[in-house]
Amino acid sequence: MEKMQEEKLMEDLKNPQLRSRAFGQLVKEYQQPIYWHIRKMVLSHDDANDILQNTFLKAWSALDAFRGESKLSTWLFRIAVNESLTFLSNQREKYNVSIDEFQENLFKGLEADSYFSGDEVQLQFQKAILTLPEKQRLVFNMKYFDNLKYEEMEEILGTSVGALKASYHHAVKKIEQFLLRDV
Amino acid sequence: MDLNNYFDKSNPFSVPENYFIDFQTKMERMTRPVMIPWYRPVRSWAAVAAAVAGIVIGTHFMFPSQSTVQPLSDEETYVLSQIDESALVDYLASMDQPANSAQEKE
Chain H
1 MEKMQEEKLM EDLKNPQLRS RAFGQLVKEY QQPIYWHIRK MVLSHDDAND
51 ILQNTFLKAW SALDAFRGES KLSTWLFRIA VNESLTFLSN QREKYNVSID
101 EFQENLFKGL EADSYFSGDE VQLQFQKAIL TLPEKQRLVF NMKYFDNLKY
151 EEMEEILGTS VGALKASYHH AVKKIEQFLL RDV
Chain R
1 MDLNNYFDKS NPFSVPENYF IDFQTKMERM TRPVMIPWYR PVRSWAAVAA
51 AVAGIVIGTH FMFPSQSTVQ PLSDEETYVL SQIDESALVD YLASMDQPAN
101 SAQEKE
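Those protein sequence lines, which keep their order, are chains H and R. The working numbering numbers the first residue of the first sequence as 1 and each following residue consecutively. The working numbering numbers the first residue of the second sequence as 1 and each following residue consecutively.
This is chain R alone, in the form it adopts within the complex (with noise of 0.2 Å):
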């Protein structure tokens, strides 16, 4: 027996009307390149700058900066130890009275 003689090779299998004109255009549409939107890299920068921004400020408020007085020089500190404290309260005192109630005093 030979088979090639025996049975035709034509096939008996068949297909759905379009089969492969669908098949190509789903593999097309599972392909095809994804596109992002031009706002989506930016938006995504925008998140990143207001989430630094958050963590600068609350920073700040959580740590508060040292006061920013300068600490006192050695001149300064041997200046202020010759000076009599009460003088110095009694001078700091006329020094917020108006300048015509000084010039009455003279």
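Extracted from the complex, chain H is given alone in its bound form (with noise of 0.2 Å):
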């Protein structure tokens, strides 16, 4: 979004007369980015469509709290971040799964689901990121998929852009040690 049109959004955030049109427009505007980025992370549509719903309802309840010092998408980004990690968190606590057997877990859930629709080659791809650690899933997701900046990044996630360089480093080497396991 354009800096003039962000200003003017945030401008009608604030106004009670015009907050519910505007916060249409920001659902209009980043619904689809922010659903991919949790969707990548927790892989059902369903956990997905969810933790979206909770992401715009957090922020619609924290329009007042919200004072502009980042993007209107920073924030948003970050609400969706935290949504995520915490509904990860609650699914491991609720099935009282190792991490290992959770991923597995993820990875059933993934080739069973009718709404992923890549082949096998996608399918391990998948499955050698989800063998990263949540946090640097995040990172590896963002960077590579989303194509975020490191800078924008360290917005988001609150972790410096060197700390955020060495992650994706480790993450794709990884990912490529999975890939490459049974060649």
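You can trust all of the hints, since none of them are fake.
Estimated spans, in silico, between C-beta atoms of each pair:
#	chain 1	residue 1	chain 2	residue 2	range
1	H	S20	R	A53	38 to 46 Å
2	R	F20	H	F66	18 to 26 Å
3	H	D64	R	D22	24 to 32 Å
4	H	D64	R	V52	33 to 41 Å
5	R	M62	H	S20	50 to 58 Å
6	H	P33	R	R29	18 to 26 Å
7	R	I57	H	D50	49 to 57 Å
8	H	D50	R	V52	44 to 52 Å
9	R	R29	H	T74	22 to 30 Å
10	H	N90	R	A51	45 to 53 Å
11	R	A51	H	K8	47 to 55 Å
12	H	E101	R	E17	32 to 40 Å
13	R	A51	H	S61	31 to 39 Å
14	R	N11	H	Q136	14 to 22 Å
Quick caveat, the hints were computed from the structure, so don't treat them as lab data. Every residue gets a Cβ at the ideal spot worked out from N, C-alpha and C, and that includes glycine.
Reconstruct the complex from the two isolated chains, following the hints.
Structure below.
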């Protein structure tokens, strides 16, 4: 979103008379990138839908507290990241399984998912990404799929650019090792 | 191995048909401002007024006010003390008699 548009939108979001309409524009603008970001973390469409809804409802409730120090997209992504990580953590606790077992369950869910249309190669690639720790998976997805700049990722995740670069580099190495293990 | 060369970045995930349109509609519904009917505040005020009236009326019946008869002044008390009680009774009784009976006596 262009800077002028963003400033106008922020202004309207602060105005009680215009807030609802402005929030509709916000949803329209950002629902898809945020959805796909969540979906790549949790894999299931149903779970991604729930988290997306929670993300926007939390944003709606927190509009008065939003000071405009960051971009709207950064703020929304930050909420989405926290919601996704919280969801995954709760799922692990709920099923009381190890991280490896949990990842295996996620992957089995993906294989059976009617909303996954990738071939065997894509499936193996997703399985390789699933072997990464959650925060590293986040970094990998944001860099590889979303093509975000490290500075943008730093704002969203609160991690330094240097640490993000290192995390991404290690993530790529692990994925390569996983994919080449049977070669 | 270079991941960028090995995998395309096409999205293998999909969503139900019209998902994003439906989601947007749902969010608009959930964040729509609530319209309060005009009569709801009036009804609230009426309820308050009725409650206050009930308290006032109830208090009146539960705690009736004292007699409105003014206490006697010192002068009145003195005058009454000088009158013979029996004479006062006779006088008051004569006041109750019809007018022609009073004239007949004279």
